[in-house]
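Colleague: Read off the chains here:
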Amino acid sequence: MAKVFEAADASNLMTELRQSFDAGVTRGYEWRVSQLKKLLIICDNHEPEIVSALHDDLGKPELESSVYEVALLRNSIKLALKQLKNWMAPDKAKTSLTTFPASAQIVSEPLGVVLVISAWNYPFLLSIDPVIGAISAGNAVVLKPSELAPASSSLLSKLLEQYLDPSAVRVVEGAVTETTLLLEQKWDKIFYTGSSRIGRIIMTAAAKHLTPVVLELGGKSPVVIDSDTNLKITVKRIIAGKWGCNNGQACISPDYILTAKEYAPKVINAMKQELEAFYGKNPMESKDMSRIVNSNHFDRLSKILEEKEVSDKIVYGGQKDRDNLKIAPTILLDVPLDSLIMSEEIFGPLLPILTLNNLEECFDVIRSRPKPLAAYLFTQNQKLKERFAMTVSAGGIVVNDIAVHLSLPTLPFGGVGESGMGSYHGKFSFDAFSHKKAVLYKSFIGDAAIRYPPYSRGKLRLLKALVNNNLVEVFKVLLGLS
Amino acid sequence: MEAMKETVDQSLREMRETFASGRTRSVKWRKTQLEAIIEMVKDNEDKMCEVLFQDLGKHSTEAFRDELGFVMRSATTALSSLDKWVVPRKSNLPLLFYPATGKVISEPYGTVLVLSSWNFPISLSLDPMIGAISAGNTVLLKASELSPNASAFLAKTIPSYLDTKAIKVIEGGPDVATILLQHQWDKIFFTGSPRIGKIIMAAAAEHLTPVTLELGGKCPTIIDHHSVSKDMKSIVKRISGGKWGSCSGQACISVDYVLVEQSFASSLIEMLKPVIKSFFGENPKESGCLARIVTKKHFQRLSRLLNDPRVQASIVYGGSMDEEKLYVEPTILLNPPLDSEIMNEEIFGPILPIITLRDIQESIGFIKSKPKPLAIYAFTKDDKLKTRILSETSSGSVTFNDVMIQYMCDALPFGGVGESGTGRYHGKYSFECFSHEKAIMEGSLAMDLEARYPPWNTFKLTFIRLAFREAYFKLVLLMLGLKK
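As given, the protein sequences belong to chains S and B, one line each in that order.
Under full-length UniProt numbering, the first residue of the first sequence is numbered 1, with each subsequent residue one higher.
Under full-length UniProt numbering, the first residue of the second sequence is numbered 1, with each subsequent residue one higher.
Zero decoy hints are in this set.
Covered stretches of chain B (in silico footprint by chain S; criterion: 3 or more residues with CB under 8 angstroms from a CB of chain S, positions within the stretch not fixed): (1) 93 to 101; (2) 104 to 114; (3) 210 to 216; (4) 406 to 415; (5) 459 to 471.
Quick caveat, the hints were computed from the structure, so don't treat them as lab data.
Using N, Cα and C, we set each Cβ at its ideal position, and we do this for glycine too.
When you get a sec, could you build the whole thing from the sequences and use the hints?
Modeller: Here's what the structure looks like:
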């Protein structure tokens, strides 16, 4: 039976890891590389177990597990291995006349002992990807996987314990109690993926110790469909990005669609057609979609589907099977704006379509809601693309595709407002777990008397000239000519 | 308070409307505001020096050097660099995604709150505002009530120069701050103590508001006298300037205490004394070049630190105080007890403890035993020691062979770590501090890969695996049916 995790355990864990960090265990390039290589071995040698755990927890199809969890992780590790020397190297900074003569640089240093709390929907990706960042940056790290994906949590604990350096990398399994105990400790950074509600709790706990945080939260990611788009491709991408990514249970899932009134029927027909092509006439039997994670979430989704004035707006799907935790891909048309389904992040296989008299109205609709993690637009209209990119505030904007930006290490992935703060992926992960320390090397030449009291008018004039980078004036004052 | 609540509500409403209108996003608007700030400082130089003298007893040269000149330089830099800063940054995408493009644009957070501190009330108010404005935000400033003349000056003068629908100033103390913090802001920028920093962050957490906290700590100064004996005169001047020459030690990056080998301590003290005299004369109280302690409360705090009998016993120079004039003499201590209050809180005053060590290498362990400071200063030419300091200690910044000057280098990020703060600014970092870095990716509707879509099969899985590994040749083989 697993030992109960208590307050003393949390504090001992912190003490141990801090000792390791202070002893310099995690700071060397070789250590970081060795840990990253071990993570790669985990991906290479244990994919079938990972796929199996994900299937147990989420009914995730093999392809999704292999691609969206393992393959993405593998790439992330390989990039870190390739770039680490580069990332660790100091950056030169320019100095100016006021600090002359001096040289300056910015040195990346690890923050220390960090905490990664991950989510249940992509339990491997969202656990290990931040850990990759923490390790690359030279930190000691504790991972707390989500208890709502227990097989994955257990496998993560087993694998990390088996392969990684236990003096600096640890996994704590558990739920609210364990998380609360962990949050009482003084971490040097906390990285959290999950809901906005818990994000607030995490940040409040972090505030007690002035611990900086990255919060990868969520929101209602809108999809705007312009009538000049290639509808077939648009719809296929939306379907793959919604039901093809953990059955809508993803932070950047297309949450709802905005399109012109006249165009909506075309959109609905196209979606019906492609949904059938993807999942057959009986989507409840398709093996290519994850199930709903648990009965709590099933009941939540049932409730928002059954709400009065919502249930009669279903134009496709709507079937439910509580025993198997399945809900069919469901499309709704013009649900009320104040309905439950339009008030919270859906995080499931329901897709409301809201029609507008004029596509221009999409800006107001989106702006009237909390800032989402992603906002999508399908159009060929260059002006609309530009206006959308510039004026819609979201973590990230994707035009003419869905979700793919997640896999791009050269783009920062993170939210704004309710959808979060901070970002990661690629070098942004390394930076997220680093302190960028400013270093100034000054020499002893040129000690200007103007720096010191007693203060005089002449000194003031010289100072002003220096501040204005006015070399001529500087010389004039020095030569007594001003 | 009801009236204040109403004022805050109204201000926020107006700022949000202004932001939503898009006015603050235009580069032209931002530049106009920055130019107005420069004009405001130029027009009001004398007035600004006057309020700084009233609030803190600052000499006009000090006021110009640390505040006015600094603000003008900051605004000028922002003006000349803004066009560059607002340009989106292109990102390279892997070949697989061709012809998709990616870029990152900096977008303003929206409506931001700047809470400044009393010790540099002009620059710590205007400098973050410069960042907020450059980034295209609307901004509300609450300056510290402990520098009431500066606060009043800003409240009265800013509206005459800047866009009042977008940039607002509110005066007041903790009760006003509390009202402000109940609201949702898109970013909060705070300069002050760690204690208040925690309160700010907790309040921000309720709204998931990102924060930058510029806090403080005990900034140690290491003197490795072996390697820098030739330059000791200069060093002593720099340290003295860094302790007493800027707001009488009431600065977040002030030299807090000195670490030196036992053998050099008395020489150091004997070198400091004439330098202090050269700065402030025989009677520093009347020199006009030494800022005063900001309030009675802070005076009493310093008094308490100094009145500890064990600390009293360690005074080797100075020690006199005048509550009426809020004056504390430049004071040097030699080895006050390490468990005394003065060695466990940020001094923020003109008292300089010298702590002796057997070997200067011990300074590393000493510094590590305390919370991470905003700055570490080290006078040494020993490369090994420099490397040890850099790699074994953590601080907002490290400056070798000088003090305070890192503040002036706007190519360097200015901010803390751990207890000394989170986030950074100055130069381009100010612009970034108030911006959300938004990723934008554009795909193409022209090409499509069937392998992206269900129903899944082995072919698609193999395709995607190869695609992820960027094994393009094998991908081609697969598609040509030449690979299983």
